[in-house]
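Chemist: Sequence:
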Amino acid sequence: MVDKALDHPTKTKRTSNGSCTKQTTEQSKWSELPTDLLELIFIKLLYIDATRFRAVCPLWKNAVNFNSIPRNPWLMLPSSQENNVNSRRFFNPEDRSFYTMKNIFRTFRHPCCVGSSHGWLVLLDRKAVAHIFNPLTRVSIQLPEIGTLVGLPNSFDVEVNAVHKRYRDLNCKAVLSSDPSHNQNFVAAVIFKQQKSKLAFCKQGYKSWIELSNDQRKHLWQYYSDVIFHNDDQLSAILHEGSHGLSVDIWYLNQTPSLMKTIMLQPQLMVGREYHGNFRRTYLVESLGELLFVVRTIGNSYENKNFRYRTKDFYIFKMNRWNSQLEKVECLHDRALFLGGNQSMSLSTRSFTEIKDNSIYFTDDHWSGMNLNYYYYHGTEEDGYIHYGGHDLGVYNLEDRAVKPFDQIDQEHIINPPPFWILPNPAVR
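Numbering (our numbering), first residue to last: 1 to 429.
Just so you know, these hints were derived from the structure itself, not from any lab. Nothing here was measured: the structure is a model prediction, and the numbers come from that model. Note that beta-carbon positions come from the ideal geometry of N, C-alpha and C, so glycine has one too. Please note: incorrect hints may appear among the correct ones.
Said to hold, decoys possible - Derived DSSO-like pairs (lysine-lysine); straight-line CA-CA distance at most 27 Å:
| hint | residue 1 | residue 2 |
| --- | --- | --- |
| 1 | K196 | K207 |
| 2 | K193 | K318 |
| 3 | K356 | K312 |
| 4 | K207 | K312 |
Stated by the list, open to error - Restraint ranges, calculated between C-beta atoms of paired labels, are given here:
| hint | residue 1 | residue 2 | range |
| --- | --- | --- | --- |
| 5 | F279 | T148 | 26 to 32 Å |
| 6 | S178 | E32 | 37 to 43 Å |
| 7 | N278 | S178 | 34 to 40 Å |
| 8 | R401 | S351 | 44 to 50 Å |
| 9 | N84 | S348 | 32 to 38 Å |
| 10 | H182 | L38 | 22 to 28 Å |
| 11 | R96 | A402 | 35 to 41 Å |
| 12 | E39 | N416 | 24 to 30 Å |
| 13 | S178 | S208 | 18 to 24 Å |
| 14 | Q234 | R401 | 28 to 34 Å |
| 15 | K318 | Q255 | 30 to 36 Å |
Given only the sequences and the hints, what does the whole structure look like? Please build it.
Modeler: What follows is the structure in structure tokens.
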């Protein structure tokens with residue numbers, strides 16, 4: 001499949017008053033279309049076509065509001081060019097096309113992506129300094145470094161892949177409370193699963209991250225697995241407590257951050273037993289004002305030497321934020337969830353033809369396992385080791401409980417850096 005450059009189309013000529021003319025002797029009438037008709041055309045377009053629509057001339061750009069265009073998440077992938085660490089490919093599942101953004105990371109020192117939220121990536125550079133970055137507008141905002149929070153040095157004199165592996169081993173995930181393009185008072189939150197698990201936040205202008213401490217979290221085997229903002233300034237995080245089960249901490253981040261409550265989750269969440277290499281990942285998703293708790297079961301795969309672990313199933317529960325009552329969700333109807341290293345998203349499928357109803361779009365976020373060497377036996381050929389990682393991604397349908405892979409994505413080589421969902425955000429800060 002041929003990649004498409006994410007560039008604007010050749011523009012028409014402009015008159016002194018900003019109207020459009022064709023590059024022929026015949027005067028175009030397109031510039032005379034009424035604004036309400038332009039808006040009707042605009043809202044029927046795919047996001048990428050809407051971008052080109054606005055690039056035609058100032059009149060068309062000013063006549064429509066980009067926020068009215070439905071946007072679906074794109075999958076960020078490594079560049080198709082070997083050793084091109086600053087460029088990325090983006091796969092749009094709606095039009096099943098790839099788009100290339102060149103040199104988007106050239107201003108950073110070997111960034112490692114640890115989150116995607118509101119169309120912004122959360123990056124850690126080689127000195128463990130955090131940045132949020134919009135790949136469409138190329139706007140970046142620096143946040144405090146995280147090294148002191150988790151006991152890392154603020155610089156690494158080692159090969160860049162070793163730096164990224166160190167970050168991956170932390171099982172780090174970061175999210176934002178709101179879109180920094182529209183709200184300068186956004187809050188960033190981050191969790192670390194390895195070592196002593198931590199939950200911390202910061203606001204723009206802070207010199208350091210502020211750790212949120214729960215007095216009940218005293219043991220090394222307790223760890224945070226996901227975090228999400230909802231209801232403006234409420235922050236929820238899943239805490240795994242070993243044999244004691246699961247709980248969700250809900251924090252209120254006002255002038256004095258406080259733990260609003262801890263919800264102990266019921267035993268029915270212990271689905272997909274962990275045995276013989278099987279394990280679970282858990283997520284929080286806000287959907288239509290409800291907070292959903294999603295359990296993903298992952299198990300060993302022997303069907304292909306390149307696939308050593310694969311997602312087997314998902315279970316969804318609707319939470320009651322004020323008690324431990326849970327309701328199992330059997331159908332998402334016209335909604336689709338997007339899960340992985342990104343801030344979990346719920347999307348209406350009504351405006352899209354290729355985004356499937358009642359489905360979960362997921363990426364590989366098994367950070368501690370994706371870069372391991374796996375031994376495999378190759379019959380009469382030499383035994384060997386392979387790197388597996390990044391390939392546990394696809395679309396899960398809740399009706400038939402089946403996983404369908406993305407056929408357009410290479411599944412014969414490690415995907416490094418691993419894929420991330422990102423919602424295209426053209427807003428300029």
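Chemist: Can you list which hints this structure breaks, lowest number first?
Modeler: Hints 4, 8, 11 and 12 contradicted; others consistent.
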